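Trainee: In case you want the letters, here they are:
2 protein chains.
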Amino acid sequence: MSVVDHIDAYWRAANYLSVGQIYLLDNALLTEALRPEHVKPRLLGHWGTTPGLNFCFAHLNRVIRERDQDMIYIAGPGHGGPAAVAHAWLEGSYSERYPEVSQDAEGMQRLFRQFSFPGGIPSHVAPETPGSIHEGGELGYSLAHAYGAAFDNPDLVVACVVGDGEAETGPLAASWHSNKLLDHRRDGVVLPILHLNGYKIANPTVLARIPETELVKLMEGYGYRPHIVGPDHGEMMAALDETFEEIAAYRAGQADRLPMIVLRTPKGWTGPREVDGVPVEGTWRSHQVPLSGVRDNPEHLAMLEQWMRSYRPQELFEADGRPAAAVLEMVPDGPRRMSANPHANGGEVLAPLRMPDFRRYAVEIKTPATQTSEPTRVLGGLLRDVIAANPDTFRLMGPDETASNRLSDVFAVTDRAWNAQVEPTDEHLAPGGRVMEVLSEHLCQGWLEGYLLTGRHGLFNCYEAFIHIIDAMFNQHAKWLESSQKIPWRRPVASLNYLLSSHVWRQDHNGFSHQDPGFLDVVLNKKASVVRAYLPPDANTLLSVADHCLRSHDYVNVIVAGKQPVLDLFTMDEAIAHCTRGVGILPWASTDHESEPDVVLACAGDVPTLETLAAAALLREHLPQLKVRVINVVDLMRLQPPSEHPHGMPDAEFDTLFTTDKPIIFNFHGYPWLIHRLTYRRHGHANLHVRGYKEEGTTTTPFDMAMLNDIDRYHLVMDVIDRVPGLGAAEAHLRQQMADARLHARAYTREHGEDVPEISEWTWPH
Amino acid sequence: MSVVDHIDAYWRAANYLSVGQIYLLDNALLTEALRPEHVKPRLLGHWGTTPGLNFCFAHLNRVIRERDQDMIYIAGPGHGGPAAVAHAWLEGSYSERYPEVSQDAEGMQRLFRQFSFPGGIPSHVAPETPGSIHEGGELGYSLAHAYGAAFDNPDLVVACVVGDGEAETGPLAASWHSNKLLDHRRDGVVLPILHLNGYKIANPTVLARIPETELVKLMEGYGYRPHIVGPDHGEMMAALDETFEEIAAYRAGQADRLPMIVLRTPKGWTGPREVDGVPVEGTWRSHQVPLSGVRDNPEHLAMLEQWMRSYRPQELFEADGRPAAAVLEMVPDGPRRMSANPHANGGEVLAPLRMPDFRRYAVEIKTPATQTSEPTRVLGGLLRDVIAANPDTFRLMGPDETASNRLSDVFAVTDRAWNAQVEPTDEHLAPGGRVMEVLSEHLCQGWLEGYLLTGRHGLFNCYEAFIHIIDAMFNQHAKWLESSQKIPWRRPVASLNYLLSSHVWRQDHNGFSHQDPGFLDVVLNKKASVVRAYLPPDANTLLSVADHCLRSHDYVNVIVAGKQPVLDLFTMDEAIAHCTRGVGILPWASTDHESEPDVVLACAGDVPTLETLAAAALLREHLPQLKVRVINVVDLMRLQPPSEHPHGMPDAEFDTLFTTDKPIIFNFHGYPWLIHRLTYRRHGHANLHVRGYKEEGTTTTPFDMAMLNDIDRYHLVMDVIDRVPGLGAAEAHLRQQMADARLHARAYTREHGEDVPEISEWTWPH
Ligand SMILES: Cc1ncc(C[n+]2csc(CCOP(=O)(O)OP(=O)(O)O)c2C)c(N)n1
Ligand SMILES: Cc1ncc(C[n+]2csc(CCOP(=O)(O)OP(=O)(O)O)c2C)c(N)n1
Ligand SMILES: [Mg+2]
Ligand SMILES: [Mg+2]
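One line per chain: the protein sequences are L and X, in this order. For what it's worth, our numbering labels the leading residue of the first sequence as 1, then goes sequentially. For what it's worth, our numbering labels the leading residue of the second sequence as 1, then goes sequentially.
Don't take each hint at face value.
[Stated by the list, open to error] Here are some of the chain X residues that sit facing chain L, going by a computed Cβ distance under 10 Å:
| hint | residue |
| --- | --- |
| 1 | Glu138 |
| 2 | Trp176 |
| 3 | Thr213 |
| 4 | Ala389 |
| 5 | Asn390 |
| 6 | Pro391 |
| 7 | Pro431 |
| 8 | Phe466 |
| 9 | Ile467 |
| 10 | His468 |
| 11 | Arg620 |
| 12 | Glu621 |
| 13 | Arg742 |
| 14 | Glu754 |
Hint data in this document are derived by calculation from the structure and do not stem from the laboratory. Please read these numbers as outputs of a predicted model, since none were measured by experiment. Glycine included, C-beta positions come from ideal geometry on N, C-alpha and C.
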């Protein structure tokens, strides 16, 4: 048999196994005539994309063998799950991971039955699928994942099949330009294969219906050398030989453009040509199951049998179900198999992050709340040394906000990745830079996901409001991690860390559109086993939290921290204790020592904490008898019951801290109901009054923003007066003073354009 | 003076006014030497993008005048707010809207002072800015908005400046292909002006640093004819003359490709060339305020004065501050002014939607819960006739899911918009089709926003899980509406309507990645004056809700409704009453007539309602003495107090319905804590137990999905036993029966691959 015959045999076997997964419960090898009871009652899956995915697998295997190439495979249309599973089974890695799905007749039967079946496996390329780092359910992220995997893997080729429907999405459209940040010496290569099967669900695709000359220009405009390939083994072989030569030249620095492949195939290729009198193969009708009435319609049943037999299963499988030698001829060995490549199970290749001692970056503090630091700037020092200590395994992503978020210290040791033109006035641009900046939150997220899932580390810094742009991507990654945690052979990967800065309370150059703290709400909808949220109120707590997050595994950590000067509250030792506890009383700000407080002032987030402290100081001044307890919350999940989150605080502890019967005024960084949602089962909940962002904002001063949302010191004092039994009417004078102070503060901004200096320069007075 | 001199004068005036807004409190006309106290204490704004935006304005005005062209302007980098404001002031429309900001010296002073000033106006192109439909704070949506505005406005040209940073975003990258859905006879034209000022915040941009040959190919690949223009009046005039000739040819059907302009300008053009020894003009350093130390640093102050005087204000403004005639020579008249074009204040041109009587589409029902319909299919009939009745003012958007979401009846009267190649096997593709399908939720959202903000109507149908893709865009639109509601001259526009189907509980072909009901949480974070969420449980309630939403203004309406068969519960009259109330008891399912119930079973969403009804039936069978009240909630906002939302139910009504002391088992479509968040202040809240989606899922049967999340009938019965005083231990037998029924149901799926027929075919038995 010739090479092309081997490839074809492999392809037919993969197609057979794919159809079998979608349709069959029994009679996997078609040893008898197909009967209705052999067919699944619910036919769930996507055939249309599958033969094309199998075609690519089959051909790439030849390249891997011939060139001993390290390669992983990303299937953009992850709904072609049967293809990835078939491939893993043929390569033997499926049975290695799941011995009960053995490489024989019984295993094939199990393989078929389990697909899209209750208690079985998902219909998509999921964490359950060996060799996968990409689910491909929500379309659009394949190419960004592929580049993420390629960075800092100089020997790797990431073959990435992009659906022509998928290519219409924004994230995918932006991803092509990832090549501008690729370093040919340090990074691997992505080979995009644009799969023009012509259709998405029920529509043709744009790229399949524009003139080919335009498509070629588009790809050239994106900086690639396109190779157009038809549905033909010979064409595909030739194109792959050429592209891998071009890749070799690029690696050797002899070419500056990488190739890509445009593969035209009929959607549902090799499936039923016509069903019930309408064309199916090569049309959108083959997207899911081309034959849907198989159990009831004898004609459909016969067509299914004929279709499956068209692959000539007797040539492909031994009588005992094992794949025939001819089929396996092109299958690579061991970790060279794409379904067993360790890069696609990132935890296997994960090197622990080398962490400098974060205490070295501590801000010296003598008296709390009397001096200020810019927390993210302090963190920049730590990140600089993390980058220096991990020159090949850590990257910092951001949509051109790294400097704006005041992390510029990192540029002392590295640059921004950039391989396009450089001008004399540019600073810190170079191939291989560890900072990845492009104005696309989608790319930052997608690259980082791909980088982490292939066993590396990183942090995404972003304006708080705009992180919502990747809500959906976050959801998908959290789901991936959640599923992975339950799969024994999936080794833990580094956590996905967000640093959200330029937050809702400190929008100076920008206004209402830049004010949204709601990412926390999105994050806390996901499983407690995956998500973590931290609001360090000063520089030293930020260092401690960041150290913890960077060392962690399999989580999504969200850190919200300001870049503007904030009061230093904790010495490093105190900060460590505070962050480890996750919540704590600030003794120096409290006046309830060795007694029950009259009121609890709780806070989370830097600006709310500042206002709470200022309110505590006002109370001490005006109501010296009042016993006030000030509590700061760094770790939001501590507020939940232990049954809801592993960080959850037992009721007894919560009751001791927050009391069960005293008013609690909680000043929160985000939307106030998030705190209610976390605490509604607590005993003290009925006494809890939360202040937070209530969607009021514009371009104005920091204190005016606080006042617009009633989180300011004066309003907090008013809240205390309104809620502490015995104050109320008795303190109407003080209440009025506070109301007047607000009016004065507002009027001052209207006149001077800035905050009253006593407010903006306020420090702890006691 | 020549035409170019007039354009230049206008441009200098706009630049002068822009710098003035960023810097000056006083001495607006520079009638005296600039002193520190004339300068704002906080310098907030973005200069870098502004001169380029002004340049485009100035040149487009000439075209408008010469061709009497209907045109609106979209500034992708909306942070160039000073430009849009300057323009409106020069054109006189600013003073028409805001008479106190008059077109004279005093008005100019106000104009300067108010910008980015507390109590003043935002720094971005905001709803406050006359002539704007695009805030441009969160970058990436300009071109989609522009196309949305152009659809069905055959005489309109939408000039759209795209930032070269913005062009790196996913949504923008996808937007170029919008031209594939444009109909040259029915639609207007978008003229994209890619503003290559070379930088984003602190980095160069990709498109400015790839070879120009590649950029040209990219634009040609997107289907445009690019015109490259340098920073020169003559080049810009020539390019505009050519492009408008090309546009005319396109309109006449004589050309099939539309032009676009690539405008290269130095960032911060005409600003300080060098500051403190480093280059500023033409570099990223001019992004915000090029001179930052003006109040303290006399050298900076002098540079500012010199910079402003470089525009020769004495030539541009009369002594009394009015713009000189030479400046205004190019300004169009009345509604031809881009800052006064009625399209940019959509409510002004809004025609009410012609609505067929939705009752005509009602499903006939005799006995509740004994027959099924596919709600979205029924809605499809209504939408078909809405489309037919409003052939030029209504569009249906979807990421290729319109058929999948079972709205295909619309194709009886219309097609999918498509002007690329058509094959014989295609169906329902045509230019001018009312259905807009491309695999990009971003484009669906962006087009619809642009379409609505220019005074038309529409609906976006989407898989529930993937609507998170546009969370951030939803946020921005909700903010836009909220601000607009407060601006008297902004007339109400049609609401943005979402139909979310293929929802979390009925993922058949897909699995975990397609399960996420959390968009509701995101939506309810926004202002009560803007957001509405409905969960109609059957076909007739869906019709009633949809009718209401389509007629409404200035809201974002979210409708979650299934496409799979669900039980018909309400006759049309009942449905109208139920939806108008927003919440109601189902008398036929309840057993508490004329007495207090022992337990309240509440539900929201189609599948949770089905399970609740089945639980009520089980309770009636097994615990006939138990008084059960079944309540269905359609309008989620009814659950909130009236202080929180205009739909909020008074406490007395809530208490009557839900009781203050009886257990309430609430079976919810989404994440359970959303119900707690809405009700935590209610008297009965301590007795409220919510079931909902708790992030458990995979590819499995519908009833298995319900069981995975404990929203199934059997679990609800167990919940009742656990919580109703007097049941508990006494009903341990029944409880065990329920647990066994779950085990049986699960085992059945594992064996047969589908649900127990008694469950999947269940109807109301009593
Ligand atoms: C972001 C997103 N929107 C919508 C869908 C629904 N959807 C599932 S498959 C599909 C079509 C995919 O077309 P293509 O990428 O060409 O894949 P193929 O033709 O290979 O199946 C769509 C729209 C999705 N999965 N993700
Ligand atoms: C989605 C998004 N991400 C990040 C930002 C932060 N940001 C504000 S301006 C800017 C650079 C914009 O560059 P460009 O589009 O080229 O505009 P111009 O150069 O004309 O200012 C960035 C990244 C934003 N506004 N929106
Ligand atoms: Mg396709
Ligand atoms: Mg720019």
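Trainee: Now look at each hint and say whether the structure bears it out.
Mentor: Against the structure, the hints come out as follows:
1. Glu138: Because about 6 Å separates Glu138 of chain X from the closest Cβ in chain L, which is inside the 10 Å limit, the hint holds.
2. Trp176: holds (8 Å)
3. Thr213: holds (9 Å)
4. Ala389: violated (25 Å)
5. Asn390: violated (23 Å)
6. Pro391: violated (21 Å)
7. Pro431: violated (13 Å)
8. Phe466: Hint on Phe466 of chain X: holds, closest Cβ of chain L at ~6 Å, below 10 Å.
9. Ile467: At about 8 Å, which falls below the 10 Å cut-off, the nearest Cβ of chain L leaves the hint on Ile467 of chain X intact, so it holds.
10. His468: His468 of chain X check passes; min Cβ-Cβ to chain L is 4 Å, inside 10 Å.
11. Arg620: violated (29 Å)
12. Glu621: violated (27 Å)
13. Arg742: Hint violated; Arg742 of chain X Cβ to chain L Cβ min 13 Å, cut 10 Å.
14. Glu754: OK, holds: Glu754 of chain X within 10 Å of chain L, min 5 Å.
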